[in-house]
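Visitor: Chain by chain, the residues:
4 protein chains.
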Amino acid sequence: MIAVLKSGTTAAQKENLIKWLSAQGLSVHVSEGEYKTVLGLIGDTSKIDMDLLSGLEIVDQVTRISEPFKSANRKFHPEDTVISVTDTAKIGGSNFGLIAGPCSVESEEQICTVAKAVKAAGATFLRGGAFKPRTSPYDFQGMGAEGIELLLKAKAATGLPIVTEIMSISHIDLFADVDVIQVGARNMQNFELLKQLGRCNKPILLKRGMSATLKEMLMSAEYIMAGGNEQVILCERGIRSFDPYTRNVLDLAAVPLLKELSHLPVVVDPSHATGAARLVRPMALAAAAAGANGLMIEVHNDPMHALCDGAQSVTPDQFAEIAKAVATVRTAL
Amino acid sequence: MIAVLKSGTTAAQKENLIKWLSAQGLSVHVSEGEYKTVLGLIGDTSKIDMDLLSGLEIVDQVTRISEPFKSANRKFHPEDTVISVTDTAKIGGSNFGLIAGPCSVESEEQICTVAKAVKAAGATFLRGGAFKPRTSPYDFQGMGAEGIELLLKAKAATGLPIVTEIMSISHIDLFADVDVIQVGARNMQNFELLKQLGRCNKPILLKRGMSATLKEMLMSAEYIMAGGNEQVILCERGIRSFDPYTRNVLDLAAVPLLKELSHLPVVVDPSHATGAARLVRPMALAAAAAGANGLMIEVHNDPMHALCDGAQSVTPDQFAEIAKAVATVRTAL
Amino acid sequence: MIAVLKSGTTAAQKENLIKWLSAQGLSVHVSEGEYKTVLGLIGDTSKIDMDLLSGLEIVDQVTRISEPFKSANRKFHPEDTVISVTDTAKIGGSNFGLIAGPCSVESEEQICTVAKAVKAAGATFLRGGAFKPRTSPYDFQGMGAEGIELLLKAKAATGLPIVTEIMSISHIDLFADVDVIQVGARNMQNFELLKQLGRCNKPILLKRGMSATLKEMLMSAEYIMAGGNEQVILCERGIRSFDPYTRNVLDLAAVPLLKELSHLPVVVDPSHATGAARLVRPMALAAAAAGANGLMIEVHNDPMHALCDGAQSVTPDQFAEIAKAVATVRTAL
Amino acid sequence: MIAVLKSGTTAAQKENLIKWLSAQGLSVHVSEGEYKTVLGLIGDTSKIDMDLLSGLEIVDQVTRISEPFKSANRKFHPEDTVISVTDTAKIGGSNFGLIAGPCSVESEEQICTVAKAVKAAGATFLRGGAFKPRTSPYDFQGMGAEGIELLLKAKAATGLPIVTEIMSISHIDLFADVDVIQVGARNMQNFELLKQLGRCNKPILLKRGMSATLKEMLMSAEYIMAGGNEQVILCERGIRSFDPYTRNVLDLAAVPLLKELSHLPVVVDPSHATGAARLVRPMALAAAAAGANGLMIEVHNDPMHALCDGAQSVTPDQFAEIAKAVATVRTAL
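Protein chains in written order, with my numbering: chain A, -16 to 316; chain B, -16 to 316; chain C, -16 to 316; chain D, -16 to 316.
No wet-lab data here; the hints were simulated from the structure. Mixed in with the good hints, there may be bad ones.
In this list, chains with the same sequence are indistinguishable; a pair is considered to hold if it fits within one copy or across any two.
Claimed, not checked - Using 27 Å as the maximum straight-line C-alpha spacing, the simulated BS3-like pairs for lysine-lysine come out as follows:
id : residue 1 : residue 2
1  : K73       : K53
2  : K(-3)     : K53
3  : K136      : K102
4  : K(-11)    : K19
5  : K138      : K99
6  : K138      : K102
7  : K58       : K(-11)
8  : K2        : K(-11)
9  : K53       : K(-11)
10 : K2        : K19
In isolation and in its complexed conformation, chain A is listed as follows (with noise of 0.2 Å):
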């Protein structure tokens, strides 16, 4: 770490900071410009928080060099992860994930013929949601403990793991058989929850905030591994940005720069980065071609009647359409 005082800081002031930084256990290395003076700390910096050192008025920046992430940092571990749940449904390295199926349960005839259906056209994850975050609450809230069961005799009849969405710890007995939890985009950082899923023995599904940084990504997924669980997928879903004219951004570079600082698996939500059923095509190819371990894609039966999210979700056909087409892409390449 490095810290670059103002000019204008007097002797007493860099050597009070000198000593509180080495009663941190750091060594301190000094250098002098002709206009600021350059602190170079050594050791353990993981503990040193960064904001409160910049805040301080004798501090005019602050340089991590070391990244505050280990269980998930590459460097430590250069091998990719790959998520095994059965032997064809494989995330990371270069088992490539194809997780479908539809928002939210909503029937058992709906998500069986759904996940037969996805099935059918190549893939290896059902996906659907019991437990769903509204931003609304007069707004559907899902089907509940009633949707996880519907999800289990999907998995049953088709023999796809299933993935779906935790909103609160005291739900977690509910999950016992679902093979991968999903935590959703607005609870990224709901480190509670976090504690707890560090302590389970199941892959997580974690998706990007709205807002959240890589690195920022990156802690929270340190929160889950720092528990024990080191099977994390990071999922990249669309960030908020200023033209309404779609939902979020995609960061497809994200699918790379992820890939570089660590090992764990990246895929790629297009439906919810868009919203709009129609870009769901050309942006799970760019995810695709852009190196990402796995897609997730809401397909539902009859999207108009879905109770949410219907805006975004593809037919089984279309969907079948766009397997094809991702597979033709990572055959390519």
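Use these hints to put chains B, C and D onto chain A, whose structure you have.
Guide: The following block gives chains B, C and D in isolation, referenced to the frame of chain A:
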């Protein structure tokens, strides 16, 4: 609600959509233009999924005419809500709430010293973090239950009601004697937490999420109010933007806008918004001038040794000066 | 255009507004709801100032139904526009334009070497900056007129048409032999420049401003087209966002969206968008997969010694590999 | 400047980079850490391309220690700059500039009426647009040269110095009698225009670009100052953000921050920032409380009939009330 259909929509598609809308209890008023058809939807549109509708292939755009929030809406509740905790600790209407204290509770001595100092300077509430949301799992996470005990001691010593943050519904019992429960920015859309707080009989201070729109913030207030708890204080604390120079951008226009849209009181947190102690004074004055119903300011007796967020804390002396200047501005206006 | 009036609007205010709208040649269709009144404005609303209308005290919101751009609008021009410079250098429809070259022209040897290399690798246009927009007045500002001379020599040597940026209308005469004139992101709303370019008979490559919405970008294209020059190429080059980790966020959904809204060709610049050579390949492939009509890639024979933006330049060898991979993706799809 | 090299950098790569840096006149101080090497660059780093350096494959990050702006830097010019146009029209230091007038000049009667009204209310400058930057080519573009004539008549009638916007260097001769030339947000990085204004001997009011960082704004001021014209007034006018509810977000922390970084005066434009007349008062008061050196407020005698931006204009009566309240706040502080 108004839906504009794309040019090229067939009569059959149009009829199909109208049938579907009617099935949801709405009457539909059709007006045909040269290129486009406009549907006016009359009735209770709060249950219509705007995203679904706008995502349909034949729909060009959808405009909501009535706001989706009801309990928080000034239209149905023209008078200012006043949150009244004690005779002297009130927020809303003409009552200005001055909430001050350290980012984290660190020891009995620390919290009592700061509490006495801020009370002497005119604070009407004591704040202090017991459970702390930190980006890194390796950073100090707060004293937890013990922190709340110490806040209660400081309350006993000074008579100041206390404000502290909740991070998980599993901690709710620990908040039995807390006067105002804070929901942090990262949990503004932790809907399960909001629902639970809707069932408790205490004022809730709801912070704006880092990239939450004003309407989303009001919908989160609505989650609490829909559960029966109408005592919500809104808190602007800065939003995320592109300039790395400050931590966040303090959106002060949110103050008059929220007060126009809603009857709930609006306070401003200049400490978290800027992340820099030296910016707290000008932004506190600006917030008061913009019409805020209160301020939330971090004060620490020894900012340099604060366990978290010392960078943005002012000293008790600085706070006393700020409180005085704020009072001067409020008197002048 | 639809205007929703606030509840509480008096009959006199309403009449006053309707009179004013009628005076501007519009017919007004009034529909009264329970809380609000909705005005439908019929006629040529392109001259109505939407900001004025929505800012009136009695107006709650205004929605434009017809887009404010006409010449650029696909609705009135369903076929793809193809910009054709030579038999082999075309952009639009099924023609893919591969624009490559250094950020800045530095010497005859440099530009000719790069030109030959990129031609051999399949480039169809040579790019190179003669006038350079730099954040700092102390940075290299480009070779100016001499740079254009050198580009023309490289064109003579290779047959590649040239693309270079204009920064001021006072330089227009120097661009007489340039094939495609580029308008940079910082000048996307330099309306006087756009008007001037609307009067010249050359293709214009218009880069998206750093925080321009898609509609604003199309309105800037409209400035050029309104002057009579319909040869506009739109270029997505990344938008500003909150994560300091990359220079910009490449908004690839802009590709299908712009192609839906407009008949103009859309190219993508992955070099400026990411600011990092190692991200050019994945983003170039993603852009091709998303349906872009072309790419604009910075290539330098010696990126480390490049006078500007070397960080984002790839070498000729890397470019050749990227061009091949892009062709593979395009063939596959 | 400090450059951190990636772990895995070879000795040869390191030496190569050091040789290249030395060739640019810098001395390089190397410090080896456990995982990374840190290079301290000493000398005139203002000519080093930070983007180039940080984009090199072996470089992890680069930190600038000295700001890249010099003439605008408070470090080298500790006293406040005061822009003095007449004995009563000064901005900077303890002089508060109150700039008021219509968005566009529309007629002699209009501009003179407004000029007299704002002068009576305490305005020290008259503003009015002759050349107008409009998103649409079909919107009113201003009266041009005639508009400047009318402004000069209003100046003759009231004695108020005039502020008006320039959009192209080809119009510079028309501005010979203008007192303060405004550069609009869209032209903040029109570098050719800035260079030209650096050669004229008149105060320049420089508006912040919609997504410009404070450092970029200061670098644009530097373009003007590097040409010899040191009379620059900085103007915060709102930045682009994600909430469609207001046109822009007024970043008031920019006021104390710019005044800390630079000696130039800082004024605030609450009219463009919010786009709504009813928000002008609270934001004007907030700006004054935050320490602004002046305000720029749109005033129109008949906002509903204003040819542009009427939505954000206040009436002369409202302006008089705002001016009085601003004076009260300033006196109180």
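Visitor: Which constraints among the numbered hints does this structure fail? Numbers only, ascending.
Guide: none
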